[in-house]
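Just so you know, the sequences run in chain order F and Y.
With the working numbering, letter number 78 in the first sequence gets 78, and the count goes up by one each step, no holes.
With the working numbering, letter number 396 in the second sequence gets 396, and the count goes up by one each step, no holes.
None of these hints come from the bench; they were simulated from the model.
Fair warning: this is a prediction, and the values are worked out from it, not measured in the lab.
Treat the hints loosely; a few may be bogus.
[Claimed, not checked] Rough simulated footprint, nothing fancy, chain Y against chain F, three-plus residues with beta-carbon under 8 Å: (1) 43-53; (2) 56-69; (3) 75-83.
[As the list claims (entries may be wrong)] Residues from chain Y that face chain F, not an exhaustive set, calculated with beta carbons under 8 Å: (4) I79; (5) M122; (6) K320.
For each residue, glycine too, the CB sits at the ideal point set by N, CA and C.
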Amino acid sequence: MIEKEIVIKNRAGLHTRPAATLVKMAAKYKAEFYIVKDGLEINAKSIIGVMTLAAEQGSKLLLRFDGEDEQEACAAIVGLFERGFDESLV
Amino acid sequence: MSPSPEITLHGIAAAPGIVTGKVFVYTKNVPHIEEKTVPPEDAEKEIERLQNAVARSEKELQKILSFAEQKIGNNKAKIFDAQIMILSDKILLDSIYKRIKKEHKNAEFIVHGEITKYQQLMLNSADEYMRERAHDVEDVKNRIIRNIQEQKLISRFEGGSIVVSQSLTPADTILFSRNEILGYATDMGGVTSHAALLSRSLKIPAVVGLKDVTAHVHTGDGMILDGYSGVIIVNPSEETILRYKRRGREMARFEHGLSELKELPAQTIDGKLIELSSNIEFADEIRFTKAQGSHGVGLYRAEGLLMGRDAFPSEEEQYKEYKAIAERVFPSKVIMRTFDIGGDKVVAQSYAEENPFLGWRGIRVALDRPETFLTQMRAMLRASTKKNIWVMFPMVSSLREVRKAKELVEKAKSSLRAEKIPFDEHLKIGVMIEVPSAAVLAGDIAKEVDFLSIGTNDLIQYLLAVDRGNDIVSQLYQEFEPAVILTIRHIIKEAHKNKIPVSMCGEMAGDPIATLLLLGLGLDEFSVIPSVLPEIKKIIRSVTLREAQKIAAKALTFSVHEEVKEFLVNNVKRLAPDIPLPG
């Protein structure tokens, strides 16, 4: 199991479109993927779960991966957060 | 039969354009959900019913998605992607299947219970955008339940109508647009609701946040919808229809020539720079105000944070929102108004006030509940590190209140200092002048604060003793009553004597007929609703300060408001002939 703390960079936060991108990316990996925010833990392979995080810009999230390809999953997802979900800044 | 009276309702301008047509009232079928016990041997059948419903829902949404892609482009249509993804959310569906088997209940009952849980979590968010998303989830939930119950979807009706509804989902907005909809008017919603964003993309005029429009109209009623100023008129007279048709044509022509104005400063011909800013309630609106060519915010209404809640938001929640606004507005400034609420909105009150307008509101509530006020001040101060936040107090009626409020600001500052939390030591403090006693005392107040802001809506009501919402007397509410103009002149003069600036954030600041007068009286900042920004800028750019001063001096010589207005209208027509004037 690996855990990684990240801060949301893109301006609109984890809103509908980034949430969809995140879940699609997570589905490519076998590892289980959970996100913890302010004590609330959700299954990040569930779109409705990610939507309820209501994570705005600047929020701190704890990402938790567990499974055979956890390293690859973690690298891919963290990259996605760092690139601000490839969204333009409008 | 006597004709029905004309009714005017004010909401939020969500998508520009003026249309006249017949109303179609769209009443959403809220699915009726019964809790039924399903014998264990039928559980599989129940799950099959659900799976079929999910498949049908997906087909419906795919159709909407492809239609949306054609109409508004792939990128914007992506908001339906998330809804489709919810339908194939394995984790969600698995937990629903498990509950159906375990609890022996009918599918719609479990679907409702399970999805509502998530919706509640989203509604608890401090972020307006996130709370709006709860409506998207509601839409998916209702779609599945409707399909479990095998009810049909209503999406087609007679074209050429203005759709009036309590609220509209993004899917409704897209589907209805196939029927050559003229416009949308809804009880609920804000500028950032998906329906508002979509109607702007679809170029369908819309007014949202009308609160109770559905209570005032029936299918078939005549209606004018003005998506520029956020007004609708039910049962308009022939004369009103003609007037609005003219305004619609003028606005369309005017919009055409606006793009070149956006980057230009709000400056008079002789070089006097005027601060032209906007009134907002949510951080998301700043995108829209910037697109309209204004960078600062002259009135941020913090009450948006209180919507749909029964407790005040925490310091942390408030701080995040204030910080987001200050950052988006930077390097321009934002004037934040502390909570302007009647006490009954958030704090349970044991009795209803007989006359809430003269009751427990604004700074009165703040000073009676210093802990709430201190929380808000700490949040605003913490958000002020970029030094672009100014704070003002609403409903001030005496100097005692100004001093008390300032003492509390000092207290908030020293608590932050003690905790070594940074903030703007020179944060500017101002007072909203909206009570006649404060207007009379403008000079004394100006000595103790850094700026004044004139709130004309309440000031005029209190000064003229007219309730605008009361049809019997509302025609007595007149911006150009000489008493109103003299009061504004007095406030500006007293502020300038004390070398502090004056802004105006009431509707009068956004009335193009008043611009020359206010400019001539020496107003330093106009804070207006975003949709009128270009017009006001254009008028400011059409005159020298000297000429505006002459116009203001002349306006003060008239003794009747109609004469003042006529005089000002003629001057706008002369100096900026292409400005479409309302009324």
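Of the numbered hints stated previously, which ones are contradicted by the structure, given in increasing order?
3
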